[in-house]
Each structure stands twice: as structure tokens, then as C-alpha cells.
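So you can see what is in the structure, the chains are spelled out below.
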Amino acid sequence: MTELQTIPARLEVNGVSKRFPGVLANDKVDFAVAPGEIHALLGENGAGKSTLVKIIYGVLHPDEGSLSWNGEEVSVADPHAARALGIGMVFQHFSLFEAMTVLENVALGMDKPGDMAALARRVREVSEAYGLPLDPDRDVYTLSVGERQRIEIVRCLLQNPKLLIMDEPTSVLTPQEVERLFETLRQLASEGVSILYISHKLAEIKALCDRATILRGGRVVAACDPKAETAKSMAQMMIGAELKTVTRRAGGDLGEARLVVEGLSLASEEVHGTDLKNVSFAVRAGEVFGIAGVAGNGQNELLAALSGERLGDHETVVRIDGAPVGRRDAGARRRQGLCAVPEERNGHAAVPGMTLVENAVLSGHHRMGLVSSLFIRAAAAGRFAGEIVKAFDVRTPGTGAAAGSLSGGNLQKFIVGREILQNPTVLVVSQPTWGVDAGAAATIHQALADLATEGVAVVVISQDLDELLAITDRLAVINVGVLSSAMVTKEASVEEIGLLMGGVHGLDATAEGEEEVHVA
Amino acid sequence: MTFDAVSLVLLTVISAATPLLFAALGELVVEKSGVLNLGVEGMMIVGAVAAFAVASGTGSGSLGVAAGAVAGAALAFIFGVLTLTLAANQVATGLALTIFGLGLSSLIGAGYVGIPVPPLAKLAVPGISDLPLVGPLLFGHDALVYLSIVAVIAVAWFLKKSRAGMILRAVGESDISAHSIGYDVIAVRYRAVLFGGAMAGLGGAFLSLSYTPLWAEGMTAGRGWIALALVVFASWRPWRLLAGAYLFGGVTIAQLYTQSAGGLGIPAQVMSMLPYLATILVLTIIAAGPWKGRLNAPACLGKPFRPST
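Chains as they are written, first to last, in our numbering: chain A, 1 to 520; chain B, 1001 to 1309.
Here chain A stands alone, though its shape is the one from the complex:
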């Protein structure tokens, strides 16, 4: 930081520390971003990336350390102060207001929006100049996730930022949308805007970024040039260990179809949910079947229809080992051999306020004999919970701990393990590694692979395309409640999958085309 520089760094972070109860989220973090540089902040979930950028944007305040802006020390009291300096931020979980219009959302993110009609014109101008088409009068809840992100970006651009922070911007985008976003970011960088790009996706960082700072456990562990590194070498810096690779029996012969879904249509119960339309697929014994798609395209409805939370129109729309269960509830389907892990850990897969033992009983009692006619078999339940904790390396003080007290990754291991240890014949998992660190993700992936080897039919619903490409045998794409025909994963191209994820009408990727596809 003391070397001679003619131009001072746009942003310099000096020894920033931030402590939350029980965890040191940032520990003396140092790094600097030059003008016009695209700088990656890389790290696993929980490495302290989001905390750090919130400090830069003034949402959180550091316990120690300081920030320098163009060579001068500044204190960023709140986001207004950050914006006044020229810092713009696109949040991972968008800071949008669904019931309000695009224009109102843009105005809310600006300190001096001025006249609304003039602002609407500027929104159109800027959004066109950067290839981010937006209609200012639309209500946000009618927009796709990709369009919502554009609002955040346009909101930042209208304020002529000098530094743009992007927090995990691509986790919700199709590959084509990602490519378009990168073009916009490169254009901005060429205009002298610095970009701080937060991600754990290594391929993207190699493609986009000039420099990378790697965080682990709240500390800077390395800085590198991503173009000179391999994805593997960066991953090892990120997790601080050798990356485990999932091993599968090669080829293998698949058995009979264990799960058959035929002509499943289901109206969503959610206000802005997606109706399932004539979904059909079959998963054979020993097969891992993936369902890809951008969030909100019917994945939750599909999981509910498979698990038995929602019933189908006919008994035959869902069949397990030939037995029609379309009108049976979740308990009956579990007894038939179909176990399911929903996406939401807290409140759907587990009751946060109840202990691990109780949570084990809730889903396990059908298959594990944990309940007699009237009473819970406490000893058996405790043994079952203990087995899950041991087999899946769940870090917890004990099985009496409340599910809500576990970290996301540990709870995820617990709920996946709970279903796997029930020896299902069909397992349906949604977002198995969402918000889970690489080590835990590898454990879960290996468990799913082992399960398939034992002859179980496994369905993985995920928005993480890399994950599906890595662990599935075949996959299909869900878009506005319609499931594409299945393809063999090894032969599928990312472009083809991406186009299916964006909807066939989204081929030319214009705003109008996309809107038709996404607005359900």
C-alpha cells in the first residue's frame, strides 16, 4: 500500500474488522481497487464477503480499520454517504419493492431523483445505452429475476458511480443473461468505473475479472490474477484444502423406472406462483435426474407435487415403482418409498424451534418406526437423530439442539441425511447445496451419488447449473411450469440448456420476448 502510485486507488480497505455475536466476520481485511478495474472478491459462503461489501456501502460499520476513497480516508456513515461518494451497489437479495413500479424503485434508490417524468426518460436512455431494456411503468412483481436485477443496475448507473459493487449477481441468471451482464460490466470498466465483483463462481471470475482477492474465514488469504490461475487452484485457495471430486461408478446399468410422472398439471397456490403444465418424466433406479431452471419457474410447485404436499388430479400422475400415488398425501408416499427435501431449510424442511430429534421424528416416523400407536419412541428417535449427525458430520452441540441454531450448511446436511438414512427408493431434493460451503456440498453430492449407486432414483431440482452438470445422469429444464424433454447430461450443451432456461421465445433475448415468457 505504500508503493509509489501516480493514481491513488479508487477504494482502499485498510485493516477492517467486524465482529458479530460468536463470529469474527472480517479480520483485518486489506485490499484495494484501482480505477477502471474489475476486481473479484472471492470466497465461500460465510467467508465474510457480504459483510465486507456492506461495510463499504455503509449498511454496516466496521469495528476496526478504515476506508480510503481516491487516497483520502473516509467514513461511510450510511448508504446515502456511500452514494454521495460515488459507490453503487447491486444486492444479492435485491433491495426492491415488489408492489411498486420500476420508476419508483429507481427513485427510491437515489438521493436526488428530481422530476419523475424526467427520471423516466433517463431510465429509458440509460437502460438502452447499456443494453438493459426496462419499462419504467411496470410493477416489479410482474418482472423476471433478470429484469429485476436490471433495475438495480440502472438505479446505480443513473448516479454515475465510480465504484459498482455486484454481490453474487449471476446466481439467478441464465447463462445468456450472464453474458449480457458481463458485456455491460466491461463497457462500464472501459469508461473508468471500478467494479467490485463478489462471487464464488470461478469460471466467471476468470472470464471477467482483472484481479482477485480471496477471503477465507473473514481473512484475506491470497490475491491473484484470475486469468493466470486455474479454477482448481483458486478453489483450493478459497477452501484452503484439496477439492474433493465426486466419484461415481462408471456408466453402470440403470434399472426399471422407479418414479414416473405423467401429465402432471397443478395450479399454484402462491400469489405469484407458477402453474405446472403437463409435466412428464421418468427416473430409473440408479439414476440421478436433474431439473434445471431459473428460480420461480415452478420448482417449488413441482417439489410439492412430488412429495405429496399437493395432490394431483389423478392417482396415476405420480407412480412409485408402478404404484399410483397421485392422490396420496406425503405420509403415504413416504411409506411407499418417496422421501423429499424441500428448498427452504428453516420452516419447511425443519421446524427451527424444535430439536434435531424432534425434527428427525417429524419426517422419519413413517419409515423408521419412531412412533408407536400413541407415543414417540424417544430412544429410537434419539438413536436415529444421532446416526444422522454422525453419518453426515453435522456440527452441533448435540441432538437436543434446536434446528434453527445450526448454521445453514450443517442444517442442510442434517435434513438431507435424515431422508437418505430412511432408505428411500426415490429421493427428491431441491437445492441440495444452496448456501452450503464447498466441503459440505461435496459431502452431500457424494451421498446422493452413493444413493444412486445403491439403486435409488434421485431427482435433484437446482438452479445451480454447474451442480447439475456435475452430478446428474440426465436433466430437463423447467420454464414457466413446462418441463422440457430430458437430455443426457454428458451430451447437453450449456448454450442449449441456457436457452431453455430463458424460454424458447427468449432466443433473441429482447426485453419484450422475455417478458412474455417470464410473466406467468
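If you are wondering where the hints come from, they were derived from the structure by calculation, not from laboratory data. Treat each hint with caution, since some may be false.
[Unchecked claim] Calculated lysine-lysine pairs in the DSBU-like style (CA-CA distance at most 35 Å, straight line): (1) A:K162 - B:K1122; (2) A:K28 - A:K227; (3) B:K1122 - B:K1160; (4) A:K112 - B:K1160; (5) A:K112 - B:K1161; (6) A:K112 - B:K1303.
Add chain B to chain A, keeping to what the hints say.
Just chain B now, kept in the frame of chain A:
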């Protein structure tokens, strides 16, 4: 019916609607900011007794009205401290506020039962006020009636057109988003809650100084609850709220007439149920209809918010 009879009925409808309009309009703003204050009844009656006490003590109706608003806001401030600063449960706190307000008002009002108070001055425009039907309907009222209408216009404009109103809606829509953009969620909600309290207090002041210029224990008689129902009935829109207040006011008056006339064959109890039945009906239709999507209800309604720093 003669013009006089018609205008008399309409006048009583206006009187019955005005306190509902004040209280409901205040609650609408509170709920738009994402806070559910069920203490409207309590704030109204404390406003009523404070207005009555000050008016009879000073002889000034205007001071009385001001006292009503201040008392309502004071009670709302207690609610704000508990639910916004200390993040207590809003439903339980609101219910407690109503019970507290009813008790407090009885205590303060014990010495005022049966004492008369000079009614608020009516607006009189020579010549026009004497016109049949139109005259008394448009000009025969005290300032509070006009204030209530002006307030509807002002709130409608504020929510739709002003930046502060937009921020208030944003806070009610997503407190976390508003916080991360840099708005002080708690401060916005405090202002809304205080406004709601003052408006409920004004509604109470109208009751004890104009509607029936007397103090009687429990004189709000459930109007605070009707006001809460009215906000939902109007699906959080000020102009619909105006229409709803007059509709509910009309039902209240119809109930009085059926009670006295007794000839219509409708039990008075059925009439007093009507505002609530209408609200249940509207809620059911909204929830079941094909337009179920946007009820216009603030997404964060009733959720406590604790910012992290």
C-alpha cells in the same frame, strides 16, 4: 320525504362518518408503513376525553380538538416505543393499548359525566347556508368535517405523489430493502404511528365535542374497530376509504332508525353487524377472486423490524 327530512338524514350520516374517517385514515397511513396498530379504539377514546376535558375547562373548542389530537398521539407514542424501539408484538401491544385507553379515559372522565360543553362552531355562509338541501349539506358543519375531507385529499396526494409518501410505502412494502438502501425504517414508522394516533384522537374529539357534545364512558362504542375494518374494506386506498366511511356511517344511522321505527322488521342487532359483515364479505371476495394477486396490502404489515448495524 321532504327536503328537510332528507337533508336531516344526510347530515346525521356525515356526522356518523366523520369520526370513522379520521381514525381510519390515520390507521391507513400507519398500516401503509407496515405497522398494525389495533389500539385505534383506545386512542380514539383517550382523544375524546382529553378533548372534552380541555374544551370544558378552557371553554375553547379549538383547544379541545388540539388536545384530542395530542392525547391520541401520546398514546400512539407508547405503542411506538413498545413495538418499534423494543420490537414487541404489534397485535398484543395494540390490544393492550385499547384496553389501557378505555380504562384511562374512564379515570380521567369520571368528573366530566353529565357536564355540557359548548358545541363546535358551525360554518355559516349567509345566503347559501339557507338554500334547501344543498345549503345545510355543504355548509352546516363544523371545521372538523371539512378537515376530514381535506385530510383524505392530502393523504391520497401524499401517498401517491410525494417522495416522503413513496418512502413510507417502500418501508411498508419491504423494511429490509428500505434499510439496505439507507432509509431509517424506524423513524418513518414512528412518524406514521404518531400521525395515526393524532388522527384517531381527532376522531374521538369529534365524537365528544360535536357528534354528542357530552362525555360518556365508553362512548366510542366500537368505532375504532369499525375504523380498522374500514381500512381493509378500502383495500388501503384513501378514496375508497372515504366512500367506505360514508357507507359505514350510513349503516350506523340506518341502525338508529330501525331501532326507533322498529317497523322494518330488521332487528337492530343485524344492522350493527353490517359493517363487520361487509368487511368479511369484502375480504372473502378479495381473497377468493381471480384478482387475488395484489390486495394492495403492505407486504410487511405487522412484522417487527430490527436493523443490524
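Consistency of the hints with the structure:
For the hint linking K162 (chain A) to K1122 (chain B), the alpha-carbon distance of about 61 Å lies beyond 35 Å, and the restraint is violated. Distance check on the hinted pair: K28 (chain A) and K227 (chain A) sit about 26 Å apart at the alpha-carbon level, within 35 Å; holds. At roughly 32 Å between alpha-carbon atoms, K1122 (chain B) and K1160 (chain B) fall within 35 Å of each other, so this suggested pair holds. Straight-line distance between C-alpha atoms of K112 (chain A) and K1160 (chain B) comes to about 18 Å, which keeps the hinted pair within the 35 Å bound.
For the hint linking K112 (chain A) to K1161 (chain B), the alpha-carbon distance of about 15 Å falls within 35 Å, and the restraint holds. In summary, the hint linking K112 (chain A) to K1303 (chain B) is supported, as the alpha carbons are separated by about 29 Å, within the 35 Å threshold.
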